[in-house]
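Asker: From the two separate chains plus the hints, produce the assembled complex.
Single-letter residue listing:
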Amino acid sequence: MDTKTEVTTNNPGTASLMQSEGPLVALLALCVVGTVFFPTFLTPLNLANILRQVSLTGIVSIGMAFVILSGGIDLSVGSIAALAAVLAANLSGEYPFLAVLIPILAGIGMGALNGLLITRMKIPPFIATLAMMLGATGLAFLLSDGESAPSDTSGWFSQVTNSDILGVPCIGVIFVLALGVAIIVAKHTPFGRSVYAIGGNEEAARMMGLHVNRDKMLAYMLSGGCAATAGVLYAARYTAVSPGDFAGWELTAIAAVVISGTSLTGGIGKMAHVLYGVLILGTIPNLINKQGTLDSHDANVITGIVLLAVILLQSRIANQEEHSLGDMA
Amino acid sequence: MAATLGVTITPGPGRQTGTATKDTNAYKKRNTFMKKALLFAVIIAVLVTAGAWVRLYADKGPVVAYSHPGDANSWFKAFSTELETEAGERGYQYRVANAQGKIGQQIADVENIVADKPEFLILGPITPDGSAAALDIAKEAGVPVIVVNRDIDGVAGEDYITKIYSDFDWIGEKLAELTHDAFPAGTKIRIVELHGTQGSANTIGLSRGFRKKMEEYNKTEIRMEIVVSQPGNFNKEIAMKAMEKILQSKVEFDAVFCHFDDEALGAIRAMQDKGIKLGDNPANGEIIVVGNGGTNDGLKAIKDGTYYKIVSVTPYYADAVFDAIESYKKNEKLPDYIRVGDIVIDKSNVDEQMSTAF
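Protein chains in written order, with this note's numbering: chain A, 1 to 329; chain B, 1001 to 1358.
Chain B with its partners taken away, still in its complex shape (with noise of 0.2 Å):
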């Protein structure tokens, strides 16, 4: 290297005939430029190494890819990051591309992904029609799919593997009973409900099951009504508000079901801002909550006693997806849908369940 950038230079003595200035200009001019491709090429150089050791060192077994819906939320993180341990642990390479919630960038994702042919990609819709075009992309590069997190348009064994994720409508009616159970019988119970944001699946199905469920009770004597019903879109803050404009209007409530933990957290704190009672007994005059989740915080709402019962939705089923892929690759029958399996946190075992809250 050194060796080039003298002899380039060497026509700048050779023109020490011309004027001072002159000479020094181009001197200077010349050495810059020839400063910066030596640079440049030093920049190439070590790429290239980089590059090499980069490519000699990366092949860690097969790649699965993730292709992530893109909700900033401590459920999500959760999951993406049991994803990525068991990945290593069974041998795989994990790659992940996150959406930021964005159907256009989610397609381009997955056009991303299976141009470079991994074994499998999980696949995380945004919406169930908008992300239903990620798998043609898939189908065409013959990459096979499961379908995570949430529901999809397609066929299973034609467009994906399988799906795999929580039963809304099973958390639903679980809720329901719950709810139910915890008044004596004959009670006729008034409920608010706020729930999670309109038209998406979680929303869908936990009203629906909730729903369900009731009209199952209601055809015995006891009543369960739902004299409330407004949206929390998941959030504290949202679900807080909701529950003060619920206060002010005087409505007579005796039970509320949210959709979250974080909605039920901001309907605790605005009735506690207003002395209302919350816990588990009825007769005391206790308002009784429950809810969907199982947050670090709603855990603690749990042990505190103000927030009655949650049905969990969990984000630790990474071992059913590479069940399910290892499955596939020994040709085994797998069903349309894997449910994943949903537990009750209450007093009794909220201290166990303590190391899974997300």
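In isolation and in its complexed conformation, chain A is listed as follows (with noise of 0.2 Å):
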């Protein structure tokens, strides 16, 4: 028994450090790489750049964590955000006011009927989800014709989204912030705790007496509210809105939450390491645009191998963690 707790307290600082920022020590790794290779890498126009860039797929992945915390999945994001923005785009030369709001409105309404299809008809979140995202892609391409969705981009809001503070772009500034809440809400509310009691074990929750439909409901319209966000923010970003834009933002989303270190089982994972994991995801296509000899294919396939290395990195990492929990047991 005492040799056991001495080789655990041997274990150097650097060696638990290592097991619990993962994702961290991936993105140092990312930011040596890219400064080594690229004097511009490190410089505040190129961070801004990469913080401005990662903040709506950001935003919209703070949502998808708490659906996967909660033992969900979210394939609905990206389509909530394209119909999002397609209504924001619509709205924004008329009513800039209710642009904003609408659409928000809108993909909570539409986080909630995925909730009910989840807890109340018992549909697997992978299929009820999967049916909103075809849903709503077709109602943003029905909104826009097919076509572009030109967006008024001279109103408050969007001179306040496309704006700077101190060099550092207020859209970011958004997604921090919203993370910032996140973490408080993950973290110190009944709602948060509930969330992760509910992905580590649903029967054991709804033992204990929580609330487990209206938690996970909870879960999907937050998810549902953060994707139409992003939607409404690219709308303000940018003149004209493509439903075709937001393809695959379900899974940029997904992606950043399983590298924060997130367990797609749900239960397991911290709601402040999605940071790490959004800023890879907008590090990597930083550092092959400035390789800049990449057609297309060679940089998917080596986006496709830097996160298959992160994620082993971080299995291992965790299965390590599982050992030594085993070795002290």
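Check before you lean on any hint, since a few could be wrong.
[Claimed, not checked] Pairwise CB distance ranges, derived in the manner of DEER restraints:
1. Pro190(A) <-> Gly1199(B): 48 to 54 Å
2. Lys1212(B) <-> Thr35(A): 52 to 58 Å
3. Asp1181(B) <-> Tyr95(A): 50 to 56 Å
Calculated directly from the structure, the hints in this document are not laboratory data.
The beta-carbon is built from N, C-alpha and C at its ideal position, and this holds for glycine as well.
Answerer: If you want it as structure tokens, here you go:
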């Protein structure tokens, strides 16, 4: 017994840091590569660009993290964002205030519908949100007539979205603030704790008297709301919105959450680490862009390989953690 | 490195006074950790060396960057390959980013590119309005832009230096002229149109040019008339299905006007399946097929005689792009739009044009 305890205390601090901060290590490694190869990587302008470029899918990832932590999945986020963006673009000219409000409410509503299908009709999340994905994409294309919808970006909301505070893009600030709120919600509210409990063991959570159905509904509503917010910000940022632009957002968000170390079976993961997952996914294309001679297929292959490496690192670290826990027992 | 490893392990034997299990466990754990740290250090060292080497040899002259809209077809493959070759020959370093057809991606690409201050940005817009935001980003960064491939919203000389691409209105007019001239004077020509993707600059230009020329002819006694117009989306399969439906509906026609070679090939296939004669002699009941393109398969069909005439949409204008860049550097006045010269390809010149097919 006493031998084992000593072994664990002997473990150097750096090793345990590696264990808990795997995504951070991967991100730092990418930054080292970037700094070494490209003189313009570690410049304020480039870092601001990366933050700006990840903030929209970052916001989507926050909602996705709650859903995945609860043991579910949400494939409809890209389509909800697309529909919200098209709605916002269509309303932006005449009703700038409604252009923000209505799409977000619609997103929350679609999330609620996802939640109802999953909790009341007992449809598996993958199927329910897949149906929503197809439906919302279709609706977005119908609303935009299959072409790109022009968006009026002269209003105050667009001005704020597109401005910088001391060189930091506002849109990035919105993402970081939203993440901050999400961290507090996940850690310090009954809802947050309930999401972890449901993802860990839904039956046990139910027996403990938690409102399993209500909180799962809330997670999907949150995800729909985040996706729609990202869609509205997209319409505020670009003068033309095409539903096709949002293809693959759900996969980016899921990848960001998985890279952050969140278990796809739910219950395990840190909301703060979503930041690392999101930044890793933003840094890879930035480096590929700087490299500048890869065609899109090469770039996709490299992104795939890097993601696989990060996820392998993740799972190895997680396994080690399990083993050392096993040793302790 | 080996020394460091030795030093750190030394505390291990120091604890050998303890139980055997404790010692081996601790030793193993530390050993694997050190191995990992060593591996990490080696990786970093290799990276630093590689980075230094790359930077040392990377300086291949001023950078020109191409923001590729992302259309995955043989035309764009030929265009970007030619651009890269031309850049190398003129002493420029070439850089490309592929937007995969997404506006958000193209804007991000341009943000990343202009942050590195290349000498020129060559922009292939996805849509005229959506891609216009890229012009603002480049202007703010002080990077001059040359627009290629398609039209964009903006002012020449202010938002960009110049635009260089094929004149689709002219191609449309030329195709109408070729159709008209294939028939003896006084004949009524009934035309089936298989058009491109709705809303794209090519589709709009080709339709407009063709109709404009038709109206000119219709002032005299000959009448050209478009009896059916269906989408073919620049795609062989879609065009083939569209033509099959047209044939089922028993609409009578004398000529087929396609917005792209692939559409023409699909239509030709559908007509051949029904035993319809294709060629260059309407007097024999042969259907005349004309289109815009210049692909390998398109030129082969010209040789076969099933495809009557092509007006090219050449991807080979990298020299014009770099001529414009060099004129700009010499402070020479450039026109707002530089038209890429396209030609008619038919049986008479198909062999010599084979090398330009894409």
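Asker: Take the hints in turn and mark each one as holding or not.
Answerer: Hints versus structure:
no.: 1; hint: Pro190(A) <-> Gly1199(B): 48 to 54 Å; in the structure: 51 Å, holds
no.: 2; hint: Lys1212(B) <-> Thr35(A): 52 to 58 Å; in the structure: 57 Å, holds
no.: 3; hint: Asp1181(B) <-> Tyr95(A): 50 to 56 Å; in the structure: 55 Å, holds
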